[in-house]
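*Asks:* Chain A is already provided as a structure; the job is to place chain B on it using the hints.
The chain contents come next:
Number of protein chains: 2
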Amino acid sequence: MRILYHLPLSPFSRKVRVVLSEKRLPFELRLEKVWQRRPEYLALNPAGTVPTLIEPDEMVIADSGVICEYLEEAYPDLPLIGRTAAEHIEVRRLVAWFDGKFAQEVTRNLLGEKFMKRLAGRGEPDALALRAGYANLRQHMEYLGWLAETRKWIAGETISLADFAAAGHISALDFAGDIDWSVSGSAREWYARMKSRPSFRPVLADRVPGVTPPAHYADLDF
Amino acid sequence: MRILYHLPLSPFSRKVRVVLSEKRLPFELRLEKVWQRRPEYLALNPAGTVPTLIEPDEMVIADSGVICEYLEEAYPDLPLIGRTAAEHIEVRRLVAWFDGKFAQEVTRNLLGEKFMKRLAGRGEPDALALRAGYANLRQHMEYLGWLAETRKWIAGETISLADFAAAGHISALDFAGDIDWSVSGSAREWYARMKSRPSFRPVLADRVPGVTPPAHYADLDF
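Chains A and B, in that order, are what the protein sequence lines are.
Numbering-wise, the working numbering comes out as the position in the first sequence, counting from 1, plus 4.
Numbering-wise, the working numbering comes out as the position in the second sequence, counting from 1, plus 4.
Excised from the complex, chain A in its bound form:
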C-alpha cells in the first residue's frame, strides 16, 4: 500500500493528498508529529518535514515538490504540470510562488506562529510576525484574485499543480479563520470551485484537536 506521512494543517501535505486523489492513486494517511523528531521518521526523511510518500514498491520520496515531480513522471496520464514548455514554466513558477514566497511571507508567520511554534515548545506567537503575515496575506489575496480573474485556472486554461499548491495554503489558513474573503470575489469564486472537487473533500473533513474552523470552512457555497 502507498503511505503518506502528513499533518492535517500542513499545506504541503494537503497539496500532495489532492494530487494523489486527482491522479486516482489510492493511499493510506499516517499522522506524523514532526516536532517529536522520531528517529524512524528521520531515517526516511532527514529533513524531518511532512509529507513523505512511501510507494508500494517501498521507494521513499521526501519533500512535497519532489513528490509532485515524481508523481508527474511516474503517472503521466493526467498531467498536472502542463504539456508545453511554456506551461511547465508557468505552473512551476506559481508552485514556487505559493510554496516558497507565500509560505515564507504568510503561512510561516500565521500558522507557523500560532500552531507549529506552540507544538514545538518554542513559546508564544510573535506579534510582529503575525502583523507581517496578515499584511502580506492581503497582497497575496489580491494577486491570487488577479490570477483567478484573468485565467480559467490560476496557471492557465487547465487545472494544475499551481491550483493545488495555492489551495493547500489557502485552505489551511481558512481553517484557522485567517482568510478575509471580502478582499477578492474572483479568489473566492476560484476557491469555491476548488472546494467542490471530490479530491478536496477529505482534506476539508479533517479536524485538529483544539481548533474549531469557521462555519464557512467546509461549506461549498460559502
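Just so you know, these hints were derived from the structure itself, not from any lab.
What you are looking at is a predicted structure, and each value in this text was computed from that prediction instead of being measured.
Backbone N, C-alpha and C define an ideal beta-carbon position, used for all residues, glycine too.
Be careful, since some hints might not be right.
[Unchecked claim] Some chain A residues judged to face chain B by a derived CB distance under 10 Å, without partners named: (1) E73; (2) A89; (3) V99.
*Replies:* The following block gives chain B in isolation, referenced to the frame of chain A:
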C-alpha cells in the same frame, strides 16, 4: 542572446550560472539590484528575486528551480537531474535541502542579515539570527561532509544539480568568510573539486564592492 539577471552573492544565481556553463549554453550576465524593485524587472518576474533567465526566443523563466527544470527539459544532452526515477528523487531531494532548508536555516540568517538587510535599508544584522545561522551551518557542514564521504558526488555516482545547489550556497558563504573548513575534511575535498571545474571559475572571479573575500576563496588548493 540569452540573458541572466543575477546578483553575485545570490546562491541561486550562482547555481544557474554554473548549470548554464556545464550545459555549454552561452549567456550574458545582467546585474539586478532587486532591492530597487525596478518596475521593468518586476514585469519579468513579479516575485522580484534573482535569477531570471531570458532565452534567445525571449521566453522568460523566473525562479532558479524553475530555470533548472526548464534547462534539463530543453537541453537534455548533459543530464544534471539524473537518469532514473531514483536518481531524480535523490537529486531533487538534495536541491530542496540546500535551496530550501539550508537557505532558510543558514544563508538567510548569515548573508541575509549581513548583506541583503543593509542593502534593502532594513537595518542592522540581528545577533540572534547570526548565532542561529552559525550553529545551523555547523550541522549542515557535517551533513555535507557525510554525503561527500559516502558518495562520489553528493547525490551519487555522477555530478548533479545537487552539487551545484550546495556549491552555490557554500561559495557565497565562503566569500563572506563564514565557512569553517576544519569541520569536515570530506566537505573540503568535495568543494576543492567543485572549485576546479571550468564552469565555476567565473563565479569565483566575481567581486562585490566593500567585501574582501578570505585569501583561500578562489584558491583551488585551499
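*Asks:* Tell me if the interface restraint on E73 of chain A is satisfied: Cβ within less than 10 Å of some Cβ in chain B.
*Replies:* 6 Å, holds
*Asks:* Once the shortest beta carbon distance from V99 of chain A to chain B is found, is it less than 10 Å?
*Replies:* 8 Å, holds
*Asks:* Given A89 of chain A as an interface hint, is the shortest Cβ-Cβ distance to chain B below 10 Å?
*Replies:* Where the cut-off is 10 Å and the nearest Cβ of chain B is about 7 Å from A89 of chain A, the hint holds.
Checked against the numbered hints above, the structure breaks none of them.
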